[in-house]
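These protein sequence lines are chains G and H, in that order.
Residue 113 in my numbering is what sits at position 113 of the first sequence, and the numbering runs on without skipping anything.
Residue 12 in my numbering is what sits at position 12 of the second sequence, and the numbering runs on without skipping anything.
In case anyone wonders, no lab produced these hints; they're calculated from the structure.
None of these values were measured; they are calculated from a predicted model.
Quick reminder that beta carbons are idealized off the backbone N, C-alpha and C, glycines included.
One or more hints might be untrue.
[Stated by the list, open to error] Coverage of chain G stretches by chain H, computed from C-beta distances (three or more under 8 Å per stretch; other residues unrestricted):
1. 8-18
2. 97-110
3. 255-266
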Amino acid sequence: MDLSFVILVEMLYAVASLILIGAGLAVVFGMMKVINLAHGEFMMMGGYATITAVNLGVNVFVAMLIIAPLIVGLIGLVVERLVIRHLYGRLVDTMLATWGLSLFFIGMTTMIFGNTTTGISTPIPGFAVGSYQINGYNFFIIVVSVLLLIGILAVLKTTRAGLVARGAMQRADMAASLGYSPDRIYMATFFCGSALSGLAGAVLAPLVGLVPTSGGAYIAKAFITVIAGGPSLVAGLLSSAGFFGIVSQIFTFAISPVIGEVALLVAAVILLRLLPQGITGRFLKGRL
Amino acid sequence: MTGSLSRDMILTIIVSAILIWIMPLMIATYTLTVLVIYGMLGLSLGLIWGFGGILCFGQAAFFGLGAYTYAIAAINIGESTVPMILAVLVPAIFAALLGAMMFYGRLTDVYLGVITLVVTLILFKFMNSTAGPQYVIGKARMGGFNGIPGFQTLNVPGDPDAYIWGDAYFYVCAVALAIVFVLVSALLRSSFGRVAVGIRENETRIALMGYDVRARKTVLFAVGAAIAGLAGALFANWGEIVTPNLFSLSQSAEIIIWCIVGGLGTRLGPILGAAGLAYLKFLLGQQSMIDNTLIMGLILVLFVLFLPRGIVPALASLWRISFGRRPLGRIHQVRRTRNREGTGG
Numbered sequence: 001m002d003l004s005f006v007i008l009v010e011m012l013y014a015v016a017s018l019i020l021i022g023a024g025l026a027v028v029f030g031m032m033k034v035i036n037l038a039h040g041e042f043m044m045m046g047g048y049a050t051i052t053a054v055n056l057g058v059n060v061f062v063a064m065l066i067i068a069p070l071i072v073g074l075i076g077l078v079v080e081r082l083v084i085r086h087l088y089g090r091l092v093d094t095m096l097a098t099w100g101l102s103l104f105f106i107g108m109t110t111m112i113f114g115n116t117t118t119g120i121s122t123p124i125p126g127f128a129v130g131s132y133q134i135n136g137y138n139f140f141i142i143v144v145s146v147l148l149l150i151g152i153l154a155v156l157k158t159t160r161a162g163l164v165a166r167g168a169m170q171r172a173d174m175a176a177s178l179g180y181s182p183d184r185i186y187m188a189t190f191f192c193g194s195a196l197s198g199l200a201g202a203v204l205a206p207l208v209g210l211v212p213t214s215g216g217a218y219i220a221k222a223f224i225t226v227i228a229g230g231p232s233l234v235a236g237l238l239s240s241a242g243f244f245g246i247v248s249q250i251f252t253f254a255i256s257p258v259i260g261e262v263a264l265l266v267a268a269v270i271l272l273r274l275l276p277q278g279i280t281g282r283f284l285k286g287r288l
Numbered sequence: 001m002t003g004s005l006s007r008d009m010i011l012t013i014i015v016s017a018i019l020i021w022i023m024p025l026m027i028a029t030y031t032l033t034v035l036v037i038y039g040m041l042g043l044s045l046g047l048i049w050g051f052g053g054i055l056c057f058g059q060a061a062f063f064g065l066g067a068y069t070y071a072i073a074a075i076n077i078g079e080s081t082v083p084m085i086l087a088v089l090v091p092a093i094f095a096a097l098l099g100a101m102m103f104y105g106r107l108t109d110v111y112l113g114v115i116t117l118v119v120t121l122i123l124f125k126f127m128n129s130t131a132g133p134q135y136v137i138g139k140a141r142m143g144g145f146n147g148i149p150g151f152q153t154l155n156v157p158g159d160p161d162a163y164i165w166g167d168a169y170f171y172v173c174a175v176a177l178a179i180v181f182v183l184v185s186a187l188l189r190s191s192f193g194r195v196a197v198g199i200r201e202n203e204t205r206i207a208l209m210g211y212d213v214r215a216r217k218t219v220l221f222a223v224g225a226a227i228a229g230l231a232g233a234l235f236a237n238w239g240e241i242v243t244p245n246l247f248s249l250s251q252s253a254e255i256i257i258w259c260i261v262g263g264l265g266t267r268l269g270p271i272l273g274a275a276g277l278a279y280l281k282f283l284l285g286q287q288s289m290i291d292n293t294l295i296m297g298l299i300l301v302l303f304v305l306f307l308p309r310g311i312v313p314a315l316a317s318l319w320r321i322s323f324g325r326r327p328l329g330r331i332h333q334v335r336r337t338r339n340r341e342g343t344g345g
């Protein structure tokens, strides 16, 4: 009984963290068809922003939920203006340029913070379920990712800004002729995507020892989750994160964490082979 | 791509002979050897990406696979000839299987990128976790994160005690690169190579003309992997150790940067890009002011933005504009009309 509860929490946590990792990339890819390979580094910078803010005496939740997304969002804004904006519609070129950016940011962070591991302790204490110990912070991550999904859905579905953004993604020329500037909408969307990456990195920061290269650990998972999810943003993210999270946790509990990771990757290869357009390319078509 | 194959071959032999003679006078052969090996690795991706249009994010997987195959086989056999052959064959077969899975599933650009990336990651994670004593192939322990040291390095075929090392090893690598280069040239001039370029340009049209696009892409992918595997085996001999870092993402990234900077769709570009950037990295490694990765990243971004075709095609078109005899494009017309006006007036 206790064990099954622990496994359930761990599975929810795995799904939630995949959603969190993938969200920023999904906004940028799903809306703008730009694959941001510097996504992992955006998350890494979110983590560093949090740790720096906490060390300066800011409350840890303020640092995580407000400061880190803002800082990373602003960095994303600069990147969009300087680099990405020239490459819209050239998928492979954006991938290469953002890969270059990711290397650039790794180098930059190494120069500023040094090549050492930094970290903060988790702000929520753990508790015992029967004879097992559960990390209380896992619940926080689950809550954040649920709120995140609801938030994205609400913004896209119910607000005027969401409507305009969706319209501009479908037909930029039509949106332009109706008086909205696609250039500005892309800019704002990229800002939101980067801010989400920053948030994810910040929220996950207390769980990992942060080094300048930790972005690499996120990018592959984020990339796989988003691509396997397919064209629709929320439904794709939810379905693929659910699938991969559960697969990797089953193998983690049954065999070992390393096999769990490998199982996730193998599942991704098989899934893409069977559904080359992603899960929502086949099912749940046309949903958000 | 003008001129005949034999002219091409003679030119290659002359140029590479001169380079092999001159370069050791400027750069130490130990460094030069690894530049040549990277050049071969760059050429392997340049072939499948530049001429086949297959963007492989995991060329490092085949490089690492070649190195590991060589190391494991060399420990078990104790002589280097068979391991060298295996180091070419194993990545090629692996790539053929992987390629068949991808191309017969009609996966294209981004999805191809994801799968090759993921396969590289699987190998990286797996190799990192093989530290325990149960991970043994024959006599070779996989060693996990620490890799496999202390295997038999390259020797004269048939004589396990006659090691090839130092300057001699540089000559072996350089000649190997020249041979691979000639073979790649020959492949590209064959009908297979021309069809491959056609597939890059317009896959549907080539398929409608009756060629089996999937099989051709798979074969090309395997050929690229074979070259990468050979480079990996040579690298294992040079470094005398193989570690999981050969499979790392940064290794894959670097190969792509070499191709972009050197120039896609040329044979020479990826080689020069690889050797040049690796040497730049070597020089930058001697100072600690600016981080190495930062500069590599900056180079990639700037090239994608300002010179997406790479150095070699840009130089080639500059050469053609300046010295070419055939009228090519507007500049010549402008110049000619200007001349005519000059003589007329």
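Broken hints, numbered, in rising order?
Number 1 - this is the single hint that the structure violates.
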